[in-house]
Amino acid sequence: MVNKDFRIKIKRGALVFFISLLFNSLNAQSYLKVHGSSNLGMGSQYLQELWNEDGRDDKYVASQKFLSLGKGFSPGVTYGYSFSRFIAAEVDFNYLFGATTTAKFHFSNAVVTTSFHAQVLQINPALLIFAPLERSDLKPYGRFGLNLGILPTITREFIVEGSIAEETRVSKLTGGMPLGFSTSVGLLWDIGKFEIFAEIQMINMSYSPNKLEVVELNQFGQDVLNAMDPNEREINFVDEIDSNTPYDPNGPGQEIRSDYAFGSIGLKIGLLVDL
Amino acid sequence: MSLLMSSRWRCFFILVFIAIINLPLRSQDYYVNLSSGPSFGFGSHTFLGFSENLEINSNGIKRTSQKMSFGNGTNITASFGFIINENISLELEFGSQIGRAINYRYQLIGVGPLPNTMIETEDREFVGSSNTISPSLVYSLPKGKFRPFIKFGPSFSRPKAVLNYRYESSQVSEWEYSFEGGLALGLNGSIGTYYNLHERIDVFLELRSVMMSYSPKRLVMKAYSVDGIDRLGSLSISEKETEFHNSFDISADEIANFNSDPNKPTQELSIKIPYSSFQTLVGIRFNLFKNGQ
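Taken in sequence, the protein lines are chains X and G. Per the working numbering, the first sequence starts with residue 5, numbered consecutively. Per the working numbering, the second sequence starts with residue 58, numbered consecutively.
I should point out that these hints are in silico values taken from the structure, not numbers from a laboratory. Predicted model only: the values in this text are computed from it and were never measured. Where hints are given, some of them may not hold.
[Said to hold, decoys possible] Once the Cα atoms are required to be at most 30 Å apart in a straight line, the calculated DSSO-like pairs of lysine-lysine come out as: (1) X:Lys215 x X:Lys108; (2) G:Lys297 x X:Lys69; (3) G:Lys202 x X:Lys69.
Construct the entire structure; sequences and hints are all you get.
This is how it looks when you write it as structure tokens:
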């Protein structure tokens, strides 16, 4: 009985909340945004395989490289619906072309380069609260939403160049659907037929791939990908591995999954057109 | 690219400046928020290679994944807000996170008194805590019983991360390490709603996303014992302390002596500790002054 009363109260509360969101539907308007965002990695990660080192000429120079795969450029479009002067909901679609993070080891007779970059389609449903200013064409706003990654791909390249060894190994880490949060503050500026906007956007996300596949293996100019052990060429990442699981020498290997930092802070600039 | 970005940033800051000088400062209201709630590690990533547990039992060996973020725990916050207009406020929050432990177990089959084998067990417990100052911009609806809001701002934290490490084989060794020093810069974003109870009192529910990672300046061994006997005093400074640096540039003359002095901390390249979280906060807001009162 108590639970039923509580549920009714929750439902009433939700209804009042929803009505308060829509309290001024006279200004209802759908809109379309086109934008581009330049993102810097944030909430970055330490990877044991990623640092610069140069031990040539009897000296030692080293520097740390931190990784966040969210950095890069992401163009996108957004469809939105403003319920009133103060509140809107929108769905953003953007594609992240990730910038590359590279680390180099210089030895006396070889250079080893390790690099990472990522690509992902991001779908970002969000709620916006506007704070229209009196006697001004500027409209500050805050934005909060979820960030869903579709078809994420991390590309890892490992290249050895030198007199004693030459190898290029390219791996793709794929699968899974990372979920994060996106928050922004920005300004809309009404310049007549359309509005322009600029916002600072934070994406808080990490990604745990399901699968690694070596897509290129080249040694001394020879393609040796087909000679790779299938257990190394393809690896499935899982949450649990039991020693009693049957081993298939011709199938993919198994490893415990790892998480990669995908956070970013970006400057997004674009146009808004009322529909 | 960097030139392009710097001009974009310049353009954005000019727009922000124009907005600020245009804000109608017609209100002189203030408020104080008090809130608390659980914090869940979010946006985890592998730290020092720890991403799995390995346990040996009568059925065999089982490896399981383990999420790693020091953002786990309970948060307590107090903030002071200044209302710029009916939609926008500026807030300064002081927060403290009391960490909840993340536990790892890693077991190995070692060699005991021959011909027996024995299981060696490593138990690691990570606990993070932090004190944070967060200025933020708050956008809220102007009126109504429910007033949804969105917050955004940077956070400046002084985190502390503790690693308790226990190794058990034929004897039991225990270590306590502390990652210390340095500030962590993060970003907070929230969505929530106020519910007005009284002219001067609101309650609120807030969902908050915190993105942060922490690069400590040093690692200090605080305790070390073997079979319960304190052995910390028997270790040299280089065994007890590590200093982290973003880079090294060591000349030919210095290479031979690098990390060889037992009376100096060991030098290592910097690391990052994941500290992101998703927080649920429930709080109360006291409106201190009303217009004209």
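**OP:** Any hints from earlier that this structure breaks? Give me their numbers in increasing order, please.
**Re:** 3
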